[in-house]
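Could you build all of it, start to finish, from the sequences and the hints given here?
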Amino acid sequence: KQLAYIARAGNRNYTLTVANRLYVREGLSVKESFQRVLGFYYSETLHKFNFGQRNILVQQINDWISSETNNKVRNIITTRSITEDTKMLFMNAIHFKGTWTTQFINFSTKQKPFHISENETKLVPMMAKSDTVPYYEDDAVQVIKLPYIGDEVEMVFILPRRRFGLSDVLGNLSGEKLFKYVNEATNRSVFIRIPRFKVEEKRNLNSALQAIGITDAFSGNANFEELFSNSLPISIGKIIHAGFIEVNEKGTESAAATIIELEDRISSSKNFNANQPFLFAIVKDLKTVLFLGQFVK
Numbered sequence: 001k002q003l004a005y006i007a008r009a010g011n012r013n014y015t016l017t018v019a020n021r022l023y024v025r026e027g028l029s030v031k032e033s034f035q036r037v038l039g040f041y042y043s044e045t046l047h048k049f050n051f052g053q054r055n056i057l058v059q060q061i062n063d064w065i066s067s068e069t070n071n072k073v074r075n076i077i078t079t080r081s082i083t084e085d086t087k088m089l090f091m092n093a094i095h096f097k098g099t100w101t102t103q104f105i106n107f108s109t110k111q112k113p114f115h116i117s118e119n120e121t122k123l124v125p126m127m128a129k130s131d132t133v134p135y136y137e138d139d140a141v142q143v144i145k146l147p148y149i150g151d152e153v154e155m156v157f158i159l160p161r162r163r164f165g166l167s168d169v170l171g172n173l174s175g176e177k178l179f180k181y182v183n184e185a186t187n188r189s190v191f192i193r194i195p196r197f198k199v200e201e202k203r204n205l206n207s208a209l210q211a212i213g214i215t216d217a218f219s220g221n222a223n224f225e226e227l228f229s230n231s232l233p234i235s236i237g238k239i240i241h242a243g244f245i246e247v248n249e250k251g252t253e254s255a256a257a258t259i260i261e262l263e264d265r266i267s268s269s270k271n272f273n274a275n276q277p278f279l280f281a282i283v284k285d286l287k288t289v290l291f292l293g294q295f296v297k
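Counted the way full-length UniProt numbering counts, the sequence shown spans residues 1 to 297.
Accuracy of the hints is not assured; some may be wrong.
What the hints assert, rightly or not - Within a straight-line C-alpha distance of at most 27 Å, the following computed BS3-like cross-link-like pairs (lysine-lysine) qualify: (1) LYS270 x LYS122; (2) LYS287 x LYS198; (3) LYS180 x LYS287; (4) LYS122 x LYS250; (5) LYS202 x LYS270; (6) LYS284 x LYS97; (7) LYS198 x LYS297; (8) LYS180 x LYS284; (9) LYS284 x LYS198; (10) LYS145 x LYS177; (11) LYS177 x LYS284; (12) LYS145 x LYS270; (13) LYS31 x LYS198; (14) LYS198 x LYS238; (15) LYS177 x LYS97; (16) LYS97 x LYS112; (17) LYS110 x LYS97; (18) LYS177 x LYS198; (19) LYS238 x LYS202; (20) LYS180 x LYS238; (21) LYS97 x LYS297; (22) LYS145 x LYS238; (23) LYS198 x LYS97; (24) LYS97 x LYS287; (25) LYS250 x LYS145; (26) LYS112 x LYS122; (27) LYS110 x LYS270; (28) LYS238 x LYS270; (29) LYS110 x LYS145.
Unchecked claim - Pairwise CB distance ranges (calculated): (30) LYS112 x SER29: 54 to 64 Å; (31) THR45 x ASN70: 20 to 30 Å; (32) ASN273 x LEU46: 47 to 57 Å; (33) PHE34 x LYS297: 39 to 49 Å; (34) PRO233 x GLU120: 38 to 48 Å; (35) GLU32 x GLY165: 49 to 59 Å; (36) LYS177 x SER33: 35 to 45 Å; (37) HIS47 x THR288: 25 to 35 Å; (38) GLU26 x ASN119: 44 to 54 Å; (39) THR288 x ARG196: 17 to 27 Å; (40) SER33 x GLU84: 24 to 34 Å.
No lab work stands behind these hints: they were computed from the structure. We put the beta carbon where it would ideally sit given N, CA and C, even for glycine.
Structure below.
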C-alpha cells in the first residue's frame with residue numbers, strides 16, 4: 001500500500017512507476033469487499049482470464065507491463081507460465097529514474113577490473129568521484145548513500161569488507177540492519193568507485209517467498225476466504241516480478257583532474273571501491289525500500 005501511495009503521489013524530481021495487476025480464472029467468484037480494496041489502495045480492477053485464450057492473455061499482460069514501465073520491462077510472461085492448475089496471476093513491475101544531486105564526470109569513467117570471484121575478472125566502466133556523502137562502516141560492510149535531486153530518494157551501496165563476502169552479508173541482512181546502515185551513516189569525504197551498470201531481471205518469486213515461510217498460500221492449505229466466495233481449494237499459481245534499473249554518471253536510469261590525481265588529493269579520506277560483488281538499494285525518506293538488488297557481474 002505504501003509503494004502504491006508513493007507512486008500515485010509522484011514527484012517532479014524523479015520518476016517512479018509501480019505497476020500491479022491481479023488476474024483470476026473465469027468461474028471464480030471474487031468478493032466485492034476485496035474488489036473495493038483493489039480499487040481503493042491500488043487504483044486497480046480485477047481481471048479475469050480464460051485458459052483457452054492464454055495467448056491473448058499473455059499479449060495483454062506483456063503490453064500492459066511494457067506501457068507501465070516506459071518499455072523498460074518487456075515479455076514478463078509466456079504461455080508456458082500458465083498451466084491447467086493456474087487459478088491466479090499477480091503481476092508487479094517497478095521502474096525508477098532519478099538524477100544524482102552531484103553527478104559523476106563522464107571522462108572520469110575508466111575501464112577497470114571487476115573481480116567476480118577469485119578466478120574470474122572482467123573489465124567494466126568504473127565511475128569515479130570524490131565527494132562528501134553519508135558513509136557507514138563496521139567490521140562487515142562499507143556503506144555509502146548517493147542522494148537524488150530532491151533529497152527524498154537515495155541509492156545505498158553496501159560493499160562487503162571481506163573479499164567476495166557478499167553471501168555472508170546477504171545471509172545476515174535484515175530490514176532492521178539495512179535501515180541501521182541508512183540512518184547511522186554520517187557525512188564523510190569519500191573517494192567513490194562504482195560500476196556503471198544496468199540490471200534487468202524477471203523472476204518467479206514462489207521459491208523466494210516459500211523460503212521465508214510463506215508456504216500455505218501456494219498449497220492446498222491456502223486460505224483465501226477473504227478473496228473468493230467459492231469453496232473450492234484455491235492457491236497462488238505464480239508470483240512474477242520484473243525490475244529494471246540503470247545506474248550511470250547522471251543518475252539512475254560527469255574535476256578537470258585524472259583519476260590518479262583525484263586519489264592523491266584525497267588520500268586521507270575514505271575509499272569506497274566497488275570492484276567486487278555488492279548490494280544496492282533505492283530508499284525513500286529513510287524508511288521505504290523501493291528497489292533492492294545485487295551487482296555480481
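Hint by hint, here is what the structure shows:
1. LYS270 x LYS122: Holds, because 25 Å separates the two Cα atoms, which is no more than 27 Å.
2. LYS287 x LYS198: holds, 25 Å
3. LYS180 x LYS287: holds, 10 Å
4. LYS122 x LYS250: Holds, at roughly 24 Å.
5. LYS202 x LYS270: violated, 36 Å
6. LYS284 x LYS97: holds, 13 Å
7. LYS198 x LYS297: The given pair, whose Cα atoms are some 11 Å apart, holds under the 27 Å limit.
8. LYS180 x LYS284: holds, 14 Å
9. LYS284 x LYS198: Distance ~21 Å between LYS284 and LYS198 Cα, so the pair holds.
10. LYS145 x LYS177: holds, 15 Å
11. LYS177 x LYS284: Roughly 16 Å separates the two Cα atoms, so the pair holds.
12. LYS145 x LYS270: Distance of about 13 Å is within 27 Å: holds.
13. LYS31 x LYS198: violated, 41 Å
14. LYS198 x LYS238: holds, 26 Å
15. LYS177 x LYS97: holds, 26 Å
16. LYS97 x LYS112: Given pair LYS97, LYS112 holds - Cα atoms ~26 Å apart, limit 27 Å.
17. LYS110 x LYS97: Within the cut-off at roughly 24 Å; holds.
18. LYS177 x LYS198: Answer holds: LYS177 to LYS198 is near 26 Å, not above 27 Å.
19. LYS238 x LYS202: Holds - the C-alpha atoms of LYS202 and LYS238 are around 13 Å apart, at most 27 Å.
20. LYS180 x LYS238: violated, 33 Å
21. LYS97 x LYS297: holds, 22 Å
22. LYS145 x LYS238: violated, 34 Å
23. LYS198 x LYS97: Since the Cα atoms of LYS198 and LYS97 sit roughly 12 Å apart, the hinted pair holds (cutoff 27 Å).
24. LYS97 x LYS287: holds, 19 Å
25. LYS250 x LYS145: holds, 15 Å
26. LYS112 x LYS122: Holds - the C-alpha atoms of LYS122 and LYS112 are around 8 Å apart, at most 27 Å.
27. LYS110 x LYS270: Distance of about 20 Å is within 27 Å: holds.
28. LYS238 x LYS270: violated, 45 Å
29. LYS110 x LYS145: Distance of about 22 Å is within 27 Å: holds.
30. LYS112 x SER29: 54 to 64 Å: Distance hint for LYS112, SER29 holds at roughly 59 Å.
31. THR45 x ASN70: 20 to 30 Å: The hinted range 20 to 30 Å holds for THR45 and ASN70, with Cβ atoms some 22 Å apart.
32. ASN273 x LEU46: 47 to 57 Å: Given about 49 Å between the Cβ atoms, the range holds.
33. PHE34 x LYS297: 39 to 49 Å: Taking Cβ atoms as reference, PHE34 and LYS297 lie about 42 Å apart, which means the hint holds.
34. PRO233 x GLU120: 38 to 48 Å: 47 Å Cβ-Cβ, so the 38 to 48 Å window holds.
35. GLU32 x GLY165: 49 to 59 Å: Once the Cβ atoms are compared, 51 Å apart, the range 49 to 59 Å for GLY165 and GLU32 holds.
36. LYS177 x SER33: 35 to 45 Å: holds, 37 Å
37. HIS47 x THR288: 25 to 35 Å: holds, 27 Å
38. GLU26 x ASN119: 44 to 54 Å: Given about 53 Å between the Cβ atoms, the range holds.
39. THR288 x ARG196: 17 to 27 Å: holds, 26 Å
40. SER33 x GLU84: 24 to 34 Å: holds, 29 Å
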